[in-house]
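So in full-length UniProt numbering, spot 65 of the sequence shown is number 65, and the numbers just go up one at a time.
Just so you know, these hints were derived from the structure itself, not from any lab. Quick caveat: nothing in here was measured; it's all calculated off a predicted structure. You may find that some hints are simply not true.
Here are the in silico distance ranges between beta carbons for each label pair [unchecked claim]: (1) Gly361 <-> Ile395: 36 to 44 Å; (2) Pro256 <-> Gly216: 51 to 59 Å; (3) Ser242 <-> Asp87: 13 to 21 Å; (4) Ser134 <-> Asp228: 36 to 44 Å; (5) Phe121 <-> Gln44: 20 to 28 Å.
Every residue gets a Cβ at the ideal spot worked out from N, C-alpha and C, and that includes glycine.
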Amino acid sequence: MNEQTLEAIGFNTVIQEIAEYARTERAKATIVSTKPTMNEKRIQQSMQEIEEAIRILEISSSVPIHTVDDIERMITQAKKGLFIRADQFTRVLSFLDHCSKLKRFMKDKEYAAPTVSSYAFSIDDVTALEEQISVAIRHGHVDDYASKDLSYLRRQLYALSDRLKARVQQLARGNKYTSYLQDTTVSERSGRYVLPIKKEYRSKVQGTVLDTSASGSTVFIEPAELGDIQEEINLYKVAEESEVERILFELTEVLPSYEHTIHTAMEVMHSYDVIFSKAKYCREIEATRPVLSNDKTMDLMNARHPALSKSAVPLSVSFGERERALVITGPNTGGKTVTLKTVGLLTVMAQAGLLIPADAGSRTGIFQNVFVDIGDRQSIEDNLSTFSSRLVSIIQILEEANEHSLVLLDELGSGTDPGEGMGLAITILKQLYKKGATLFATTHYSEMKSFAEKTEGFMNGSMEFDLHSLKPTYRLILGESGKSQAFEIAIKLGLHPALVEEAHNITYGESGAYKERFSEKELKKESLKRQVAVNRYAHHKKKKVAGDIAIFNQGDNVTIQASNEMGIVYTGPDERGNYVVQVKGEKKTFNHKRLTLSIPASELYPDDYDFDIIFKSKTYRKIKKDQARKHVEGIWLEDEE
Numbered sequence: 001m002n003e004q005t006l007e008a009i010g011f012n013t014v015i016q017e018i019a020e021y022a023r024t025e026r027a028k029a030t031i032v033s034t035k036p037t038m039n040e041k042r043i044q045q046s047m048q049e050i051e052e053a054i055r056i057l058e059i060s061s062s063v064p065i066h067t068v069d070d071i072e073r074m075i076t077q078a079k080k081g082l083f084i085r086a087d088q089f090t091r092v093l094s095f096l097d098h099c100s101k102l103k104r105f106m107k108d109k110e111y112a113a114p115t116v117s118s119y120a121f122s123i124d125d126v127t128a129l130e131e132q133i134s135v136a137i138r139h140g141h142v143d144d145y146a147s148k149d150l151s152y153l154r155r156q157l158y159a160l161s162d163r164l165k166a167r168v169q170q171l172a173r174g175n176k177y178t179s180y181l182q183d184t185t186v187s188e189r190s191g192r193y194v195l196p197i198k199k200e201y202r203s204k205v206q207g208t209v210l211d212t213s214a215s216g217s218t219v220f221i222e223p224a225e226l227g228d229i230q231e232e233i234n235l236y237k238v239a240e241e242s243e244v245e246r247i248l249f250e251l252t253e254v255l256p257s258y259e260h261t262i263h264t265a266m267e268v269m270h271s272y273d274v275i276f277s278k279a280k281y282c283r284e285i286e287a288t289r290p291v292l293s294n295d296k297t298m299d300l301m302n303a304r305h306p307a308l309s310k311s312a313v314p315l316s317v318s319f320g321e322r323e324r325a326l327v328i329t330g331p332n333t334g335g336k337t338v339t340l341k342t343v344g345l346l347t348v349m350a351q352a353g354l355l356i357p358a359d360a361g362s363r364t365g366i367f368q369n370v371f372v373d374i375g376d377r378q379s380i381e382d383n384l385s386t387f388s389s390r391l392v393s394i395i396q397i398l399e400e401a402n403e404h405s406l407v408l409l410d411e412l413g414s415g416t417d418p419g420e421g422m423g424l425a426i427t428i429l430k431q432l433y434k435k436g437a438t439l440f441a442t443t444h445y446s447e448m449k450s451f452a453e454k455t456e457g458f459m460n461g462s463m464e465f466d467l468h469s470l471k472p473t474y475r476l477i478l479g480e481s482g483k484s485q486a487f488e489i490a491i492k493l494g495l496h497p498a499l500v501e502e503a504h505n506i507t508y509g510e511s512g513a514y515k516e517r518f519s520e521k522e523l524k525k526e527s528l529k530r531q532v533a534v535n536r537y538a539h540h541k542k543k544k545v546a547g548d549i550a551i552f553n554q555g556d557n558v559t560i561q562a563s564n565e566m567g568i569v570y571t572g573p574d575e576r577g578n579y580v581v582q583v584k585g586e587k588k589t590f591n592h593k594r595l596t597l598s599i600p601a602s603e604l605y606p607d608d609y610d611f612d613i614i615f616k617s618k619t620y621r622k623i624k625k626d627q628a629r630k631h632v633e634g635i636w637l638e639d640e641e
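With the hints as constraints, model all of the structure from the sequences given.
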């Protein structure tokens with residue numbers, strides 16, 4: 001499956017979120033590289049591991065996984081003969097300690113997670129190495145008692161240090177330097193004792209200047225009287241450093257002999273980091289283990305897209321035994337695209353060995369490829385239109401799809417002439433079905449609904465729409481085709497029922513009885529506000545600002561502040577910031593300051609919606625249509641105001 005597909009359905013986002021749970025950089029990299037597979041054995045093993053890991057997390061939220069990013073580098077360093085520092089051995093010691101804890105931890109969880117817990121048993125006993133390091137290293141330093149020689153040397157250094165401090169304090173309190181001292185405080189510079197001497201008496205005091213105060217009025221001098229003790233200390237320090245290096249080299253030489261043991265432990269620790277990261281994510285999204293279907297049948301029960309909140313309406317879809325293609329219809333922003341993405345994402349998640357956010361017992365197929373054409377992509381480099389760029393993608397899908405493919409097509413055939421687009425859409429679906437692919441397609445074309453209803457192997461589905469509140473419910477209804485509900489929305493926004501009746505008659509050649517159904521109803525905008533609120537995932541046009549003039553787009557639903565009436569933006573703004581707004585079938589002019597955006601046009605109408613249906617008369621549209629086909633002599637088309 002190509003990266004474009006994984007990105008389009010949101011799989012890469014899921015993987016990135018799982019990686020955030022990982023404790024090591026190596027585990028993060030492993031998770032990010034996760035890809036779907038057709039190997040059912042690997043898929044089942046991964047799901048089993050995640051299920052068991054979730055059971056462990058429910059028993060104990062903390063698992064003793066240790067960060068091991070630099071342990072391997074230390075072993076390589078040791079094999080080259082370069083000694084390991086004391087602070088590095090502290091990290092090795094911590095890792096070994098966690099290995100022992102992990103074995104004990106997993107031993108106690110064997111009853112709940114027999115497979116996952118068994119991985120820890122491959123870690124060899126590291127007690128001997130752990131004890132050898134802990135004897136010599138403590139708190140990131142070589143311990144005083146790491147050897148007899150080191151213990152002796154450090155005792156001598158502690159004694160000499162006490163003698164040196166007593167000597168310098170004696171000098172500070174004595175009469176010899178009293179008049180030269182800035183004060184009687186004894187301090188250290190670079191680990192050596194100094195006296196604070198006034199600058200003007202610098203030449204009166206024998207010794208080494210180690211520092212000067214910020215003002216320059218004080219120089220810090222190590223008195224010459226400390227030289228004999230300091231020299232003795234220096235000799236012991238050299239001997240101490242030599243002994244520390246010897247001890248570290250001795251420990252370093254031991255480390256490579258445990259390379260296999262440490263490497264095995266690291267692999268186990270790495271595996272646990274990956275498994276529990278996946279488990280934590282799956283637990284967070286309330287995922288369950290699906291049944292894998294080799295016959296491509298699909299039965300998703302209360303499935304949810306993990307990117308949506310848990311309050312989102314779940315999706316249920318079941319087909320594949322008799323039908324292999326589902327054509328979904330319904331209103332704009334009614335959830336069709338999210339349905340496609342959910343089906344695609346959950347299929348790929350399952351094939352990546354992850355649990356899916358759906359009810360237990362849900363079934364997913366195993367596909368060699370998932371092909372996706374979703375959204376309004378456009379190739380700027382190739383200067384392709386939206387329709388052309390999507391067609392290029394679909395041609396590639398037609399070439400590569402086969403009986404092992406799942407194909408998801410959003411608004412197939414859109415972006416061009418509706419008649420031609422519909423013909424292309426049906427032809428493409430027929431060809432993909434002929435190649436054996438499993439199909440999901442969304443559309444606005446009524447002809448595609450009829451095609452799916454009459455064609456064997458195809459099934460209609462619709463996104464439910466509440467006609468009372470005029471808002472989508474986001475529930476998928478199988479076996480039924482849906483309507484765009486554009487006419488009901490237009491009436492709710494204030495378009496006169498008589499105009500909607502005329503539009504319905506032009507579209508379908510029959511009456512819609514809108515005047516009888518809506519003439520007495522109060523057109524409420526609150527229901528549409530609720531509609532918008534539950535459509536947060538839909539694409540939104542940003543409100544632009546040009547100077548101090550608010551910019552509205554044709555078709556935007558606005559509120560006139562003085563009368564609180566609702567209207568639809570027709571044209572504007574002019575140089576004074578005035579807009580022409582259609583209110584109850586009449587076009588009126590309002591200054592932008594008197595208008596408030598209620599609902600953008602992008603949330604109410606398809607991208608290619610013809611606004612002439614709302615703003616122009618039937619006669620105007622007929623003449624315009626005739627003129628578009630051919631020039632009609634003696635007829636002039638003037639814009640209607």
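Given the range 20 to 28 Å, decide if the beta-carbon distance of phenylalanine 121 to glutamine 44 lies inside it. 22 Å, holds
Has the hinted range 36 to 44 Å been met by the Cβ atoms of glycine 361 and isoleucine 395? Since glycine 361 and isoleucine 395 have Cβ atoms about 38 Å apart, the given range 36 to 44 Å holds.
Range agreement (Cβ of aspartate 228 with Cβ of serine 134, hint 36 to 44 Å): 39 Å Cβ-Cβ, so the 36 to 44 Å window holds.
Given a hinted range of 13 to 21 Å, is it respected by the beta-carbon distance of serine 242 and aspartate 87? 19 Å, holds
Just to be sure I understand the hint, the distance between the Cβ atoms of proline 256 and glycine 216 should be within 51 to 59 Å; is that true here? The hint (51 to 59 Å, Cβ to Cβ) holds, given that proline 256 and glycine 216 are roughly 55 Å apart.
Going down the numbered hints, you'll see the structure goes against none, and every one checks out.
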